[in-house]
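Colleague: Please arrange chain B on chain A, whose structure you already have, making use of the hints.
Here are the chains, one letter per residue:
Protein chains: 2
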Amino acid sequence: MQLIDGKAVAAQIKSEIAAEVKGIMAGGGKRPHLVAILVGHDGGSETYVANKVKACEECGFKSTLIRYEADITEEQLLAKVDELNNDADVDGFIVQLPLPKHIDEQKVTEAIDYRKDVDGFHPVNVGRLSIGLPCFLSATPNGIMELLRRYNIDTKGKKCVVLGRSNIVGKPMASLMMQKSLPGDATVTVCHSHTQNITEECLQADIIIAALGQPHFLKAEMVKEGAVVIDVGTTRVPDATRKSGFRLCGDVDFENVAPKCSFITPVPGGVGPMTIVSLMKNTLLAGKHEIYK
Amino acid sequence: MQLIDGKAVAAQIKSEIAAEVKGIMAGGGKRPHLVAILVGHDGGSETYVANKVKACEECGFKSTLIRYEADITEEQLLAKVDELNNDADVDGFIVQLPLPKHIDEQKVTEAIDYRKDVDGFHPVNVGRLSIGLPCFLSATPNGIMELLRRYNIDTKGKKCVVLGRSNIVGKPMASLMMQKSLPGDATVTVCHSHTQNITEECLQADIIIAALGQPHFLKAEMVKEGAVVIDVGTTRVPDATRKSGFRLCGDVDFENVAPKCSFITPVPGGVGPMTIVSLMKNTLLAGKHEIYK
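Taken in order, these protein sequences are the chains called A and B.
Throughout the first sequence, residue numbering follows the numbering used here, covering 824 to 1116 in sequence.
Throughout the second sequence, residue numbering follows the numbering used here, covering 824 to 1116 in sequence.
Only chain A is shown next, with the shape it has when bound in the complex (with noise of 0.2 Å):
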C-alpha cells in the first residue's frame, strides 16, 4: 500500500508555480491577483480562505480578501461581483460558499465573469469540461487528476466508481474521468444515494473515488485487493480532544480499507490540499489568459 501524500505534491507544485511567477516578474510581467469574498463567519470557510490566501503567498500571487456580514444584501454582493469583473487588476475571484440563505448561490456563480471564475463553477467552464475544452476545471476533480498523473496511476481501461454526484465534484469528476485523455479513459459509474447493491458496485471497481460526505462510509469489505482510494470526505467531527474541538473525518474508513489498497489518499493531507492548489493553478492560467483572452 503507497499513501498518496496530497501535502507534498500540493508543496511541489506550489514551488513551481513560485518559480513560473517568479520568470513572468522578471520578464516584467504582472503579478496574478486572487481575490477572494467572504460572507459571514462560517468556521469551515474561515479556514478555507485563510488557507487559500496563504497558498497565494507561498506562489507568490497578490491576494485580496473581501469580508462582509452575513447581513449584506444579494445586490450588494451582485454589485461587487460586478465590479471585480470590471477590475483589470484582478485575474480571478472566488466568492466562498456557502453564502446565506437570503442570497441565490447559482446567480452569485453565474454572475462572476467566466474568464475570472477560477473555482470553475459557472455554467460556461462547467459546460466546457464535460465537451473536454480548455477551461477553469473545478478544482477537487482536478486536483485528484494531477494526483493520478504524479503517481502514475493507470486509469485507462479501470473500472472507476465515483461516490457522489454534486455539482463540484461527483458529476465534473465522472467527466474527467471518463474523457479521452489522461488520466482519464476509464469506464465510469456514478453511484448516490438511491444506487442499490452499492457494495457490490465498489468491489468492482479499480479505483473509487469517495466524494458523499458522510464520514467513514467505505469499509473494507467493499474494497477489492489493490483498489486505488481517493478520499474527498471532510466532516467535521466533534472532538473533545483538540484545541479547535473537531477532527476532519473522510468517506473512508482508513484504517481498514488502507491495508487492501494499492493507493490511498489520507484525510486530512490528501486531496484537501490538492483542491487548493488547483486553485492556485487557475489564477495562474487567468494571470496568463491562456484559456480566455
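Honestly, the hints are just simulated from the structure, not real lab data.
Quick caveat: nothing in here was measured; it's all calculated off a predicted structure.
The list cannot tell twin chains apart, which means a pair is met if one copy fits it or any two copies do.
Simulated pairs of lysine-lysine, DSSO-like, Cα-Cα distance not exceeding 30 Å:
id, residue 1, residue 2
1, Lys924, Lys1116
2, Lys924, Lys1003
3, Lys1003, Lys930
Modeller: Same frame as chain A, but now just chain B:
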C-alpha cells in the same frame, strides 16, 4: 416485450405543440421561428434538415432554410450566425453538422447566442444541463427522457449503461439519467472503446442506451432478461434492395435482442423522430422565452 413507438409519441407531442402554438397565435403572440443553416450536400444532413423543416410545419412554426455551398468561408458563416443572433424575428437556429473541414465546428457552435441555441450544444447549455438548471437540452438525450417518461419506465435506482461518450449523446445522457429527477436517479455507467468486459457491464444493466454508432453492436448475450434497450444508432448501411441504396441500421441486433427486453426502441421509428421533436420543444421554449428572457 413492448415496442417503444417513437414515431407515435413524436406525432402526439407535435400535435400538443401545434395546439399550444394555436393558442399563442390566438392570443396575439408571435409564431415561433426556427432557422436551419445547411452547408454543402451531405446526404444525411439533407434528410435531417428536410425532416426538421417538415416538423416545423406540423408544429405550426415558421421555418427558414439557409443553404450554402461547401466552399463558404468560416468568416462568412460566422457573419451569418452573428446576423441571426441579432435578428429578433429568429427565436432559435441550428447549424447542421458536420461542417466542411475548413470550418471550425466548435467555433461556430460557440458563436451561436446560447439563448437561441436550440440544439443545446453551446457550453452554457451543456453546463446548465450538467448542473441541472433549466436550459435547451441536447435533443437526442431529451427525446429519450421523454420516451422513458411517456412509457412510465422506472429509472430510480436502476442500473443504466450508456454505450458511447459523445458530447451530443453519451455524456449528456449520462448526466440526465443520474440527475435528481424522474426519469433519472439511476446508477449510471458510461462505456466506450476502452471499456474492458463490456458484455459484463451490459449484462448488469436494467437500462441500456446504445449510442456507439456501430451497427448491431449489442447482441442478445449482452442483455439480461427484462432489460430496457434504447437504440440511438442510425448508421447508413448499403442496401441494393432499397430505392435510396441504403437502410438505417441501429446499434442493437434488434431481431435477437428484442425477445429478451421489457421495452425496446426500433430503428427507424424509435429515437430518431424524438430527436427532431426535442428540437421542436426547444424552439417552442425559445419562442416563449421561458428559459432565457
